[in-house]
Amino acid sequence: TQLLEQSPQFLSIQEGENLTVYCNSSSVFSSLQWYRQEPGEGPVLLVTVVTGGEVKKLKRLTFQFGDARKDSSLHITAAQPGDTGLYLCAGAQGGSEKLVFGKGMKLTVNP
Amino acid sequence: NAGVTQTPKFQVLKTGQSMTLQCAQDMNHEYMSWYRQDPGMGLRLIHYSVGAGITDQGEVPNGYNVSRSTTEDFPLRLLSAAPSQTSVYFCASSRTGTLSTDTQYFGPGTRLTVL
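Taken in order, these protein sequences are the chains called A and B.
Converting from the first sequence to the working numbering requires adding 28 to each position, the first position being numbered 1.
Converting from the second sequence to the working numbering requires adding 227 to each position, the first position being numbered 1.
None of these hints come from the bench; they were simulated from the model.
Among the hints, a few may not be true.
Lysine-lysine pairs mimicking BS3-like chemistry, simulated, CA-CA at most 27 Å apart [said to hold, decoys possible]: (1) K134/A to K98/A; (2) K236/B to K126/A; (3) K98/A to K85/A; (4) K131/A to K98/A; (5) K134/A to K236/B; (6) K84/A to K126/A; (7) K87/A to K131/A; (8) K131/A to K236/B; (9) K131/A to K84/A.
The task is simple: from the sequences and hints, build the whole structure.
Set out below in structure tokens:
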């Protein structure tokens, strides 16, 4: 059972376009994390959101945690080829020492 | 700091062979973990450790053993490799096991093929 559903799973866009990636669950999480992974490398943490309704910005990336702490979104403004990669969301429940990952969204930004 | 290092980077095994994937970190992190990543499946937790001498099972532990004799090292053992264990394996570490607040740092991965 996949606790975290990401959509879309694949996205190919042109440089300069905007996009939103969704991470949804029927479960409540104490926090949600977003990672970016490039081919041949391990995931790298982008952000952690903890409070329901929280919004965090990282340059052209905006992350939001749903009010009920069951979902999150990542919005990229004016995408660039350097944004190409696999975007993964991961959730922690309570004081859990385990993270549950979504399947990821593979983004390709064409110049 | 080298961060999290993994060896080997690539490995090909025959069914039934055994091997150990090495993982080391030089950040004095208490928490270490192993994940496998398969196409279209995201990352799935195999085993984790909250400190030396302590290990626990994750989501997909069958076919894998771990031990944590030192803070720095967390090897993953495949006792009898099966084709279903063909995957990319990632080791990760964080300061503590409070993953809702602590950053997990991932190694570069080991790509394993079992024939």
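Consistency of the hints with the structure:
1. K134/A to K98/A: Holds, at about 22 Å.
2. K236/B to K126/A: Within the cut-off at roughly 25 Å; holds.
3. K98/A to K85/A: It holds: about 20 Å lies between the C-alpha atoms, which stays within 27 Å.
4. K131/A to K98/A: 16 Å, holds
5. K134/A to K236/B: With Cα atoms ~23 Å apart, K134/A and K236/B stay inside 27 Å; holds.
6. K84/A to K126/A: Status holds; Cα separation ~23 Å.
7. K87/A to K131/A: Roughly 25 Å separates the two Cα atoms, so the pair holds.
8. K131/A to K236/B: 23 Å, holds
9. K131/A to K84/A: It holds: about 22 Å lies between the C-alpha atoms, which stays within 27 Å.
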